[in-house]
Each structure stands twice: as C-alpha cells, then as structure tokens.
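Below are the chains, spelled out letter by letter.
Protein chains: 2
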Amino acid sequence: MKKNMSGCSVEESMRLLGGRWRLLLVSYLLEGPKRFNDLRRNMPGISQRMLTLDLRALEEADLIKRTVYPTSPIKVEYELTEDGKRLVPIVEIMKDFGLWLKARVKNGEG
Amino acid sequence: MKKNMSGCSVEESMRLLGGRWRLLLVSYLLEGPKRFNDLRRNMPGISQRMLTLDLRALEEADLIKRTVYPTSPIKVEYELTEDGKRLVPIVEIMKDFGLWLKARVKNGEG
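Chains A and B are the protein sequences, given in the same order. Using our numbering, read the first sequence as starting at 1 and increasing by one per residue. Using our numbering, read the second sequence as starting at 1 and increasing by one per residue.
Honestly, I wouldn't trust all of these hints.
Note that the list lumps identical chains together, so a pair holds whenever it fits in one copy or between two copies.
Unchecked claim - Simulated pairs of lysine-lysine, DSS-like, Cα-Cα distance not exceeding 27 Å:
| id | residue 1 | residue 2 |
| --- | --- | --- |
| 1 | K95 | K85 |
| 2 | K34 | K106 |
| 3 | K106 | K75 |
| 4 | K106 | K85 |
| 5 | K102 | K65 |
| 6 | K106 | K65 |
| 7 | K95 | K75 |
For the record, the hints were derived by calculation from the structure and aren't laboratory data.
When you get a sec, could you build the whole thing from the sequences and use the hints?
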C-alpha cells in the first residue's frame, strides 16, 4: 500500500477505503457473504483484476474474510469481519451523501 | 468525471470523494480559507497537477469556492461552500476510522 505522507488519520483511511470501488464492495457485503461472481455482477464497471486487488487489500486489513469451500468447483466466499462492520456507518454516510448529490443534480443545481 | 456504472449512491459519493487526497484536502479547508501553496505544504505527497485536478473537481461540484484577489502577485484562495460543509461529518468519520487503523497497527494486530 502507498505510504501515508501526511501522517493524517483521514489520509490513513483514504489509503485503504479511497478509490471508486472499495466502499461499494463493502456495501454489497453488508447483505451477507458473497461469491466473487456475485460481486462482479453487482459492479459491472469493475475489472476482474481490480476487484481481486480490492478484495485482497480489504482482506489484508482484516476487514473482510475469504473462505474457500472444497467443493467441485471450489466455492470462494467473502464476508465482512467484525472489524469490517466498523465500515457500516461509513457506508451509510456515503450513501446519504450520494443521494443528496443525485437529488441536487435532478433539481438542476449540480 | 467517470460514469456511475451501478447507479448506487455509494458509488456516486466515491466518484467524487474517492481517491487519496480529496477528503484530506477538505479536512485542511475546515481550518478556513487556504491558498494553493498552503495546501501543497499540508500535503507533501500530492503533485501540483493532482492538487489542481482535485481542487477543480470539488469546485465543479460546488463544494469549494475559488476566489481570485487582484493583488500583485495574484492571490487565489480556496474555501468550503455551504454545500461543502456537508462533508464535515464524512471527514470526521474518516478521521476516527484512521485513528482506529493506526491504533490497531500500533497494538500489533494490523
């Protein structure tokens, strides 16, 4: 991960949660465990490689857990960890702000 | 700005606020109006070009206001708009989460 240059806590968060997809990904995992292809379907704009990298970064931060089931074909599921549930209020606040942004555009102010 | 692919409000927010620097930039503007070079000093990791682009994106979204004072040399200041103040709780929650992340690393869990 990129180095935190400012030492600031906001930067620390954004190094992990910034980018376009990570919090969106977390918002889908709030619904429960998901398989890789479920997530791809939820996020048509993300490439397979980027989704893999984003999942791995969140996994390394212990915010999501990856479980491999030894079925055939192998089933891999992702879910939020207890620490990952700390992201719930962050997802909520981003959802509210996004709704406000969209409403503003609709009202012709944006 | 990139297109919102999922229609989701979280994505709508992250298209605007995602990335490493924008919320950090907003956090410095919470202290009051700042000049371009003040912001550069606060964020040693950001390039001049990226800072310009980030400021412009937030200005186009009416979250910050750019004021040019016709002094010599010209003075340019950036400040949060009323709409931009909607970002205060977002910056706060990111700050709290960043503090938690840093404390976790210190405690050897991360």
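Against the structure, the hints come out as follows:
Taking the shortest alpha-carbon separations for K95 and K85, both the intra-copy value of 16 Å and the inter-copy value of 17 Å come in at or below 27 Å. For the homomeric pair K34 and K106, neither the shortest alpha-carbon distance inside one copy (33 Å) nor that between copies (31 Å) is at most 27 Å. For the identical chains of this complex, K106 and K75 are neighbours neither inside a copy (42 Å) nor across copies (35 Å), given an alpha-carbon limit of 27 Å. For a Cα distance limit of 27 Å, the shortest separation of K106 from K85 across copies, 20 Å, qualifies, whereas the shortest one inside one copy, 32 Å, does not.
For the identical chains of this complex, K102 and K65 are inter-copy neighbours only, at 20 Å across copies versus 32 Å inside a copy, given an alpha-carbon limit of 27 Å. When the C-alpha separation of K106 and K65 is checked against a cutoff of 27 Å, the pair qualifies only between copies, where the shortest distance is 22 Å, while the shortest distance within a copy is 38 Å. Within a single copy, K95 and K75 get their C-alpha atoms no closer than 30 Å, and across copies no closer than 36 Å, so neither meets the 27 Å cut-off.
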